[in-house]
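Turn these sequences into a full structure, and let the hints guide you.
Protein chains in written order, with the working numbering: chain R, 1 to 270; chain H, 1 to 229.
These are calculated hints, taken from the structure and not from any lab test. All values reported here derive from a predicted model rather than from experimental measurement. Glycine included, C-beta positions come from ideal geometry on N, C-alpha and C. Careful, some of the hints might be misleading.
What the hints assert, rightly or not - Under the rule of at most 30 Å between Cα atoms (straight-line distance), these lysine-lysine pairs were calculated in the DSSO-like manner:
id, chain 1, residue 1, chain 2, residue 2
1, H, Lys-160, R, Lys-167
2, R, Lys-117, H, Lys-213
3, H, Lys-213, R, Lys-41
4, H, Lys-167, R, Lys-37
5, H, Lys-213, R, Lys-37
6, R, Lys-42, H, Lys-213
7, R, Lys-251, H, Lys-210
8, H, Lys-167, R, Lys-41
Stated by the list, open to error - So these bits of chain R aren't anywhere near chain H, every CB distance computed over 10 Å:
id, residue
9, Asp-178
10, Leu-214
11, Asp-221
Stated by the list, open to error - Label pairs and their in silico Cβ distance ranges:
id, chain 1, residue 1, chain 2, residue 2, range
12, R, Met-16, H, Val-190, 16 to 22 Å
13, R, Ser-86, H, Val-192, 48 to 54 Å
14, H, Val-190, R, Asp-75, 42 to 48 Å
15, R, Ser-46, H, Phe-134, 45 to 51 Å
16, H, Phe-151, R, Val-54, 41 to 47 Å
17, R, Met-16, H, Asp-156, 48 to 54 Å
18, R, Met-16, H, Leu-204, 25 to 31 Å
The primary structure of each chain is shown beneath.
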Amino acid sequence: MNPNTSWRALASILLMVLAISSCEEIIEYSPYQNIVKSKWKKQNISNYNKLLPVANEPFEPFRIGLIADSHTYYDDFEKQVKYINSRDDLDFIVHLGDITLSANAREFDWYSDIMNKINIPVLTLIGNHDCLGNGYDIYTEMFGESNFFFEYKDVKFVMFDNIIWEKKVQDPDFNWFDKALVNDSEYKYVLPFAHLPPWDSQFSMGDEFLYNQLMLKHNLDLSIHGHGHGYSYMQPYDDVNYLSVPAPFTKELIILDVQADTIKHEVIKY
Amino acid sequence: MTEVIKYCFRCIVLIGIILVSVFDVKAQADAGDSIRTDMPKVLQKAYRERTVVIKKDTITYRHRWFIPGQYKLQYAGSIGFMSVGFGYAITPTYQPALFFGYLSENFGGSKNSVVSISLKNSFYFTKQPLFRYFKPYGGLSITWGNTNNTFKRLPDYYPKEYYFQNKIHFYPFLGGELKFAINNRYFDGVGVYTEFSAMDAYLLEAIRTKYVKPHMALSMAVGVTFYLR
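Now the structure itself:
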């Protein structure tokens with residue numbers, strides 16, 4: 001073969017490789033890597049900051065959207081995002097955890113990519129699937145502390161990381177939860193959110209009992225969870241209401257309607 | 001734990017360097033077609049010609065099959081920030097290589113370190129290079145990833161089949177190498193390669209969902225191969 005032709009062919013191959021490598025997503029050091037893009041670091045904090053200064057205003061009724069367990073149901077999740085963006089009555093969204101299937105690095109990126117298409121801020125809880133591999137550390141890099149609380153218009157939102165098996169712990173950090181649930185500023189409501197419902201098999205009988213006891217101790221009558229992939233609203237123990245948020249494939253969106261005298265919820269089929 | 005892994009990695013790199021230098025000497029010996037006396041005693045013994053008589057034929061052979069003929073250094077490709085590989089030309093078509101890769105905060109910028117071991121089964125598509133230098137290939141890698149919370153078998157407290165194992169992943173790949181002949185005492189060829197692999201889990205999402213486009217499952221690697229004489 002003519003050497004000129006071969007050099008030209010080689011040069012074009014090299015150029016092609018350089019062109020492809022210029023798109024950064026294609027470089028992955030490991031599916032378990034914990035390398036979070038700077039634009040996606042500590043998103044719970046940056047997204048909460050977007051709620052300011054409205055979040056510090058005194059109470060007035062508001063509505064928020066609840067989503068959960070998006071896993072790798074990306075197409076369904078995108079439809080959900082489209083539906084959320086078609087509404088204008090929601091102040092923000094809470095995702096109740098399980099944003100990945102195997103906590104692989106790109107699954108976190110893909111979640112962030114789709115989630116950021118939502119026009120209103122999203123606060124993301126940790127789920128059991130998100131703790132596989134290096135997921136727990138990736139979550140804390142990408143979203144911030146896994147146990148956190150914030151106030152929004154005189155309502156205290158307590159986000160509780162109650163994952164046990166995947167974090168290789170005996171019990172969730174109930175001490176933190178107990179302190180966080182204290183109504184320390186005359187909040188109108190204190191609303192607890194956690195990925196696992198207390199009746200899940202990860203919870204021991206003691207943990208299950210304790211969870212409900214904490215609800216009773218702090219006079220709370222609503223606890224909100226993900227994990228089950230389907231909608232449910234029930235009172236398995238005493239008078240405390242447990243709301244389970246469905247996964248996107250059900251094509252349902254839960255709207256939490258926080259009113260002055262009560263908290264209602266709606267299940268919207270879209 | 002990280003310290004131990006770091007230490008192990010340093011050992012592996014050190015052993016790798018020692019092995020490569022030892023093989024260099026061996027390559028030189030081969031070139032001269034006689035065992036050089038400056039080789040380590042063990043290798044002199046290993047490379048000594050042996051004969052075996054089968055019926056009326058006398059066969060002379062050397063123990064050298066276990067020595068890798070290819071030494072690779074790779075960047076990225078989902079098996080670490082950098083990895084070293086040792087390859088064998090089993091046949092002109094089938095040339096597998098075993099890679100050891102490492103990633104950490106100081107070595108690639110990941111807050112968690114990962115040690116990867118990968119068996120890359122490469123099959124070359126052509127016996128003769130295209131355009132004089134280009135050798136396209138493809139195959140399947142089996143990668144063992146070792147970091148926090150990866151498991152081959154689920155710990156006892158999980159219900160059966162709660163999760164799929166997340167320690168071993170399969171990566172089909174396609175790549176190409178530009179191989180040049182060099183006139184070196186130890187090596188007779190050097191290759192620069194690049195390849196695109198897709199992890200099984202990502203590939204599944206690329207097939208299953210519209211959101212994940214095929215290119216979003218790909219991971220690129222670039223590397224060099226040195227071929228022993």
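Outcome of the hint check:
1. H/Lys-160 - R/Lys-167: holds (18 Å)
2. R/Lys-117 - H/Lys-213: holds (17 Å)
3. H/Lys-213 - R/Lys-41: holds (24 Å)
4. H/Lys-167 - R/Lys-37: holds (24 Å)
5. H/Lys-213 - R/Lys-37: Cα-Cα ~20 Å, so holds.
6. R/Lys-42 - H/Lys-213: holds (27 Å)
7. R/Lys-251 - H/Lys-210: Answer holds: R/Lys-251 to H/Lys-210 is near 17 Å, not above 30 Å.
8. H/Lys-167 - R/Lys-41: holds (26 Å)
9. Asp-178: Non-interface label stands for R/Asp-178: nearest chain H Cβ at 25 Å, farther than 10 Å.
10. Leu-214: Answer for R/Leu-214: holds, closest chain H Cβ roughly 24 Å.
11. Asp-221: Holds, because the least Cβ-Cβ distance between R/Asp-221 and chain H comes to about 31 Å, which exceeds 10 Å.
12. R/Met-16 - H/Val-190: 16 to 22 Å: Holds - the Cβ-Cβ distance for R/Met-16 and H/Val-190, about 21 Å, lies within 16 to 22 Å.
13. R/Ser-86 - H/Val-192: 48 to 54 Å: With Cβ atoms ~51 Å apart, the hint holds.
14. H/Val-190 - R/Asp-75: 42 to 48 Å: Holds, at about 46 Å.
15. R/Ser-46 - H/Phe-134: 45 to 51 Å: Distance hint for R/Ser-46, H/Phe-134 holds at roughly 47 Å.
16. H/Phe-151 - R/Val-54: 41 to 47 Å: holds (45 Å)
17. R/Met-16 - H/Asp-156: 48 to 54 Å: Holds, at about 50 Å.
18. R/Met-16 - H/Leu-204: 25 to 31 Å: holds (27 Å)
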